[in-house]
Every structure is written in structure tokens, then in C-alpha cells.
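Q: Each chain is listed here by its residues.
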Amino acid sequence: MFGMQRKRRIATTAAALAVGMTLLMTGCSGAGGGTPDESDGGDDANLSITMLPKNLGNAYFDTSTGGAEEATEEFGGTFEEVGPSEGTPTSQVQYIQTAAQQGTGGLIVSANDPEAICDALNEARDAGVKVVTFDSDTNPECRDLFINQATAEGIAKVQVDLISEQIGDAGQVAILSASANATNQNAWIELMEEEFAANHPDIELVETVYGDDDDQTSFDKTAALLQTYPELKGIISPTTVGIAAAARYLSTSEYKGKVALTGLGTPNQMREYVEDGTVAAFALWNPADLGYLAAFAAQALITGEITGEEGDSFEAGKLGSFEVDEDASVLLGEPFVFDAENIGDFDF
Amino acid sequence: MIATTTTASARVYKLHARPAWRRLLLTREAAIIALLILVIAVALATVRNFDSPLTVTYLLRDVAPILLIALPMTLIIISEEIDLSVASIVGLSSVTTGILTNAGWPVALAALTAVVVGIVCGVVNGFLVTVVGLPSLAVTIGTLALFRGIAVGLLGTTAITEFPEIWTDLAKANIPGTPVPAIMIPFVILAIVFAVLLHFTPFGRSLYAIGLNKETAQFSGIDVGRTKFILFVLSGAVSGFAGVYFTLLYSNARGDNAMGLELQVIAAVLLGGVSIFGGRGALHGVIAGVLLIGTLGSALRLAGVTSDIINVITGVLLIASVVSASLLGWLQKRRTAAIGKRKGRAGASSDAG
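Protein sequences appear in the order of chains R and U. Residues in the first sequence are numbered from 1 upward in steps of one, following the working numbering. Residues in the second sequence are numbered from 1 upward in steps of one, following the working numbering.
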């Protein structure tokens with residue numbers, strides 16, 4: 001009887017100890033991993049930067065994180081990337097809270113939801129953290145600065161410029177858009193129509209079709225366009241799904257190399273079509289530059305060089321000087337054009 | 001002998017012969033509480049910024065929905081059922097709060113309606129499980145999809161984010177003079193209610209009987225169906241309340257709010273020493289289990305550990321705790337069998353002596 005009780009007690013204790021030791025070890029190694037933010041830059045300024053993308057393991061955000069890390073090294077700060085594994089609206093809140101607890105100098109966020117993380121961001125700002133949003137903004141009152149990747153005008157103009165260059169500034173073109181009520185795409189299409197009318201009188205925009213951001217639908221609509229308009233010289237697809245589907249159709253059809261295709265796409269989706277000559281060039285912004293600029297903006301806020309007032313200006317390393325526009329936003333610049341020359345440098 | 005020692009230990013006289021401190025300390029609940037204290041101590045000593053009052057505020061605020069829902073979930077799992085639809089009820093309650101507030105209802109009334117919606121969800125679960133007689137695992141997997149579908153369908157992909165500031169501030173407020181969030185007041189009240197209900201009322205004790213053996217409980221005069229029905233309704237009501245809190249805390253009503261929360265709740269309940277086979281568990285262990293997972297996550301995030309690693313550690317912890325319990329049970333059985341062999345048929349008489 002006694003033997004049994006003792007044995008059981010020993011087993012309980014042993015089990016509890018084993019679990020405890022595991023925790024102790026993970027806790028210690030975890031603490032070791034967090035040491036980078038202990039060195040707080042050179043001067044008084046706390047140049048520790050925390051990057052919080054929408055989710056981790058996303059090539060687009062890996063690229064922007066790379067840019068931000070490069071910038072942080074240049075101005076001598078410390079850098080850390082944190083983030084949820086899935087991009088649900090409230091999953092970022094805990095990481096914002098952690099940054100506030102750690103007393104991070106600057107937090108760079110791509111918001112999963114413009115409102116859900118607002119209060120958490122404001123609490124972090126009350127705790128002295130400078131908040132810069134990039135890629136996806138929150139409501140303006142929840143952050144110090146927003147780094148805007150591109151304006152609607154810039155996006156419309158670059159696509160018009162690309163297509164007119166590729167078709168010799170004359171002939172029929174069509175647009176393959178996302179859904180008929182997609183806000184962004186409709187705004188761009190309207191601006192593109194204005195741009196064609198104003199500066200490219202010989203180009204005729206024959207039709208806008210909608211692929212609903214569905215691969216197969218976009219593919220079928222491309223085929224239909226080419227049959228309806230035998231004289232068609234170019235297609236613009238201002239959506240990443242559309243341009244990839246259209247490129248896939250063109251690359252295996254007789255129209256390959258004869259009908260130009262451009263629009264907004266990502267290098268990884270478009271690489272094979274640029275390499276096989278189906279697509280000469282397409283546009284998007286460069287996420288690495290976006291992250292780089294965001295990190296320099298955070299640094300300028302931390303050092304007090306800028307406060308986010310309209311008209312403030314700051315230096316961003318290799319990208320040059322930037323000025324704060326209305327609503328405390330900073331524009332990265334013209335969209336970036338990807339072609340056969342540079343597409344090998346990108347992986348997102 | 002084997003059956004009585006492993007499953008109905010409360011009724012074995014032998015255990016009560018041991019000193020009270022030993023009976024209280026040498027339990028799984030005590031082990032989890034000790035582990036929680038250990039984690040807090042290690043975190044205080046090794047993790048920078050863990051000792052700030054902000055940690056307490058954020059930690060309790062974040063685990064509050066899990067703490068709340070873990071209360072009825074404990075009762076349900078003890079009676080050998082499960083409710084997987086709780087997170088979907090949170091989502092539906094969140095959407096209800098949002099839509100009604102948006103339509104101009106006062107927040108208090110909208111919140112009350114959201115709790116009623118939660119109760120209705122619980123009634124649906126309870127009806128299907130007890131009246132129709134389907135297994136709760138199947139029923140609540142179904143209603144998990146059903147309630148979530150309704151929630152997302154009602155609001156689409158949009159979100160309602162406009163709530164009167166007085167209410168969102170209340171959801172984020174601390175108890176004056178402390179870093180403890182005000183949501184802990186309703187939680188503590190509910191925790192006391194549930195603890196008394198589970199541990200000190202015939203209703204609560206009957207849950208253990210149901211969990212250990214449904215038929216025996218039925219023949220002992222317990223209305224098994226009615227009891228389970230009440231549990232699912234309680235679960236729905238508390239989930240509805242958690243949904244209101246979630247909505248106001250994040251100023252955000254969306255159909256996909258609290259996605260996956262049910263697994264966090266169940267993991268914490270199991271870590272807290274409740275047996276998934278029913279009939280075993282106590283509320284203080286569950287509360288410690290929730291706080292343990294929350295504290296561990298908070299400390300590891302502060303230490304810069306990524307979310308994947310945190311999930312791995314939480315998973316290993318859960319498995320280790322379940323394995324250690326089975327291992328103990330197995331050792332005990334083996335020991336008992338050995339004694340039984342040595343003493344011949346004396347196994348039963350050794351209890352009395």
C-alpha cells in the first residue's frame with residue numbers, strides 16, 4: 001500500500017518536473033532570441049523597428065521585409081519581423097500589444113483590417129511607439145504615417161504608357177478587368193480612358209470585359225476578346241489574376257507575340273510569359289522599396305525629424321528625399337515596370 | 001478494483017483516508033497551477049518587459065473570451081459531450097451586435113439580443129443532441145458551419161466598425177487603480193457561479209455521473225437529456241456574451257470573427273485536467289490551463305518567438321499533459337495489478353484496510 005502511494009507520488013512529481021523543465025528551457029531559449037532589441041541604436045533615439053506584415057510566409061511581404069531590414073541596417077537600428085501565420089482581422093492585435101510592451105521605437109504595419117487594429121495601434125502610440133502603415137492603410141487617425149505604394153493616376157498612366165509603347169501608339173485595345181464593381185479597377189479604368197482620350201487619339205479602346213478575378217473566367221474572356229476583335233492589338237489587365245490568365249492563353253495561341261499584353265502582375269506569376277516573349281513588360285510597385293521607405297519614415301518619426309505634418313520632408317537613403325502629403329501619407333512614386341531585364345531580381 | 005480506482009476515485013474511501021493537503025496538492029489541477037506559477041516566475045526573470053502592468057492588461061483582455069467560454073465547455077466535456085460551435089456562435093453574436101447597432105438600436109439592447117441569439121444557438125445544439133439523440137461531435141461540427149455561414153451571410157465580407165465610444169471604452173477599461181481589465185468582473189462572477197454549480201450542487205455532481213456512465217446515471221434518476229440540454233444553452237449564452245465583448249473590444253463586427261477559437265478553448269480545458277472521456281475535471285484547473293496557454297504565448301511573443309513556434313510549444317505541452325495523465329493511470333493500474341497478484345484476491349479488502 002505504501003509502496004504504491006509513494007510510487008504514484010514520485011511519478012506525479014517526475015511528470016510535473018519534466019514538463020516544467022521543458023518550459024524552462026523553451027522560455028530561456030526564447031528569451032535569447034529576443035536579444036536584438038536590447039541595443040537601442042546609437043544616440044538617445046530608440047531605433048528599434050518592428051515589422052508586422054499581414055501574415056508571415058508570404059513572398060510579397062518577405063520582399064518588403066527585406067527592404068525594411070536593409071534600410072534599418074543603413075541607419076543603424078535594430079530590426080525584428082513578427083506576424084500571425086494567417087491574415088485574420090484581429091490576429092495582428094497581439095503583436096501590436098507586444099510591440100507596445102517591448103517599447104519598440106517604430107512599428108511598420110500592413111493592416112489586415114482598417115478598423116480592428118485601430119485601438120491597439122493608438123494604445124501603442126500612447127506608449128511612445130511611432131506607427132507607420134504600408135501596403136494597406138488603417139484609418140488615418142490610427143497611425144503617424146502611411147506609405148502609399150502608388151496613386152490611381154500613376155497606376156493608370158503607367159499601363160497606358162506601356163501598351164501604347166508596345167503597339168506603336170495606334171490600334172484597338174481592350175481591358176480585361178476584375179469584377180464589374182471592383183472599386184480600384186473601375187477607378188483606374190476611368191483614368192485610363194481619360195488618358196487615352198487626351199494623349200493617345202489613335203488608340204481605340206473597344207471593350208472592357210470582366211474576368212471576376214477568376215482564372216478560368218479570365219482565360220475564357222481573353223479567348224472571346226480575340227475572336228470578337230480580329231484587329232485587336234493589345235490587352236490591358238489591371239489585376240494580377242487577369243493578366244496571368246490572359247498571358248497563359250496568349251502564350252499557347254497563334255496571337256503570341258502579335259497581341260501585346262500588359263497590366264498589373266507579380267513577377268513570380270509572370271516570369272515564364274516574360275521569358276517566352278508573350279509579355280514585354282508589366283507594372284506593379286516594388287515591395288522592397290516600399291519596405292525600405294517605410295523603415296526610413298519610421299526612423300524620421302523616431303528621431304523627431306518629421307511629425308507627419310503635411311509638407312514635412314525626410315531623406316530615405318538610396319531612394320532620395322520624400323515629402324509628406326495630405327492625410328499624413330507618403331507616396332513611393334511611379335509604379336515599377338518589370339521586364340525581361342529586371343524580372344530575375346524579384347521573387348514575390 | 002481496477003475500474004473503481006481509475007474512474008470513480010471520489011468514491012473510494014482509501015483516498016479520503018489520506019491527509020487533506022495531500023489530496024489537494026497531488027492532483028493534475030495542482031500540477032497545472034504549479035506550472036503556471038513556474039512559467040510566470042521564469043518569464044519575470046528572463047523575459048524583458050514581462051513585468052510591466054501592460055502585460056497583465058493585454059494578457060487578461062486577450063484570454064477573456066477563452067476564459068468565459070471555457071466555463072460552460074468544462075461542464076459539457078465533463079458530461080462527455082463537446083460543443084465545437086462556440087466560436088461560430090461568437091461570430092454570429094458579433095454580427096448581430098453590429099447589425100443592430102448599425103440599425104440604430106441602443107448597444108445594450110443589441111448586446112442583449114446577441115446573447116439571446118447565442119441562447120437560441122444553444123437550444124438548437126441541445127435539441128439536436130438530446131431530443132433527436134445525435135452525437136454532439138457531429139451536431140456541433142454541423143452547427144459550427146451553419147452558424148458561421150449565417151454570420152458571414154448576414155454581413156458578407158464587410159465589417160461594421162462604428163460603435164459608440166462609451167461602450168468600446170468600457171470593453172477596454174481597467175478596474176480603476178489596477179491593470180486588471182473590467183471584463184474580469186463578469187468573468188469572476190460567472191466563474192463563481194459555474195464553480196458552485198459544478199462542484200457544490202446535485203446538478204453539477206450529476207455531470208460527473210453522466211460523464212462516467214450515462215446509463216448508470218439515467219437509472220440513478222438523473223434526467224440526462226434535460227441536464228445536457230441546459231449545458232448547451234449555457235454554452236450558447238456565454239458564447240453570445242463573449243461575442244458582444246469581442247465585438248466591442250476590437251470595435252469590429254465581422255462574420256469571421258473568432259474563427260478557430262473553439263479549438264483554443266478545448267485545448268485549454270483539456271490542459272486544465274478535464275478528461276475528454278468525461279467524468280473528470282475541475283474548474284480551477286481549467287482556469288489555470290487557460291492562463292497557462294495565454295501567459296506562455298504572451299511571454300514567448302515578448303521574447304520574439306514566432307507564432308509557429310508558440311503553436312508547437314502549446315501543442316507539445318497539451319500532448320505532454322495528456323500523456324502524463326495516461327502514463328500515471330497506467331502505472332497505477334500496473335501497480336494495483338501487481339499487488340493484486342501478490343495478495344491473491346485481497347485487492348478489494350485492501351481498500352477497507
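Some hints could be false.
What the hints assert, rightly or not - From the derived model, a few chain U residues whose C-beta atoms are all more than 10 Å from chain R:
hint: 1; residue: Trp-21
hint: 2; residue: Leu-146
hint: 3; residue: Ile-185
hint: 4; residue: Leu-263
Stated by the list, open to error - Cβ-Cβ distance ranges computed for the label pairs, FRET-style:
hint: 5; chain 1: U; residue 1: Gly-177; chain 2: R; residue 2: Asn-139; range: 42 to 48 Å
hint: 6; chain 1: U; residue 1: Ser-326; chain 2: R; residue 2: Asn-181; range: 28 to 34 Å
hint: 7; chain 1: U; residue 1: Thr-216; chain 2: R; residue 2: Gln-216; range: 56 to 62 Å
hint: 8; chain 1: U; residue 1: Thr-178; chain 2: R; residue 2: Ala-187; range: 46 to 52 Å
hint: 9; chain 1: U; residue 1: Thr-178; chain 2: R; residue 2: Gly-128; range: 38 to 44 Å
hint: 10; chain 1: R; residue 1: Gln-216; chain 2: U; residue 2: Val-131; range: 42 to 48 Å
hint: 11; chain 1: U; residue 1: Gly-260; chain 2: R; residue 2: Glu-141; range: 51 to 57 Å
hint: 12; chain 1: U; residue 1: Ile-189; chain 2: R; residue 2: Thr-307; range: 56 to 62 Å
hint: 13; chain 1: R; residue 1: Arg-125; chain 2: U; residue 2: Val-323; range: 41 to 47 Å
hint: 14; chain 1: U; residue 1: Leu-263; chain 2: R; residue 2: Ser-136; range: 23 to 29 Å
None of these hints come from the bench; they were simulated from the model. The structure presented is a predicted model; accordingly, all values stated were derived computationally and were not measured. For every residue, glycine included, the Cβ atom is placed at its ideal position computed from N, Cα and C.
Q: It remains to establish, for every hint, whether it holds in the given structure.
A: Hints versus structure:
1. Trp-21: 13 Å, holds
2. Leu-146: Holds: least Cβ distance 20 Å, greater than 10 Å.
3. Ile-185: 20 Å, holds
4. Leu-263: Label holds. Min Cβ-Cβ 13 Å, cutoff 10 Å.
5. U:Gly-177 <-> R:Asn-139: 42 to 48 Å: 31 Å, violated
6. U:Ser-326 <-> R:Asn-181: 28 to 34 Å: Once the Cβ atoms are compared, 56 Å apart, the range 28 to 34 Å for R:Asn-181 and U:Ser-326 is violated.
7. U:Thr-216 <-> R:Gln-216: 56 to 62 Å: 59 Å, holds
8. U:Thr-178 <-> R:Ala-187: 46 to 52 Å: 49 Å, holds
9. U:Thr-178 <-> R:Gly-128: 38 to 44 Å: 22 Å, violated
10. R:Gln-216 <-> U:Val-131: 42 to 48 Å: 45 Å, holds
11. U:Gly-260 <-> R:Glu-141: 51 to 57 Å: Since U:Gly-260 and R:Glu-141 have Cβ atoms about 30 Å apart, the given range 51 to 57 Å is violated.
12. U:Ile-189 <-> R:Thr-307: 56 to 62 Å: Cβ of U:Ile-189 to Cβ of R:Thr-307: about 46 Å, so the range 56 to 62 Å is violated.
13. R:Arg-125 <-> U:Val-323: 41 to 47 Å: 45 Å, holds
14. U:Leu-263 <-> R:Ser-136: 23 to 29 Å: 27 Å, holds
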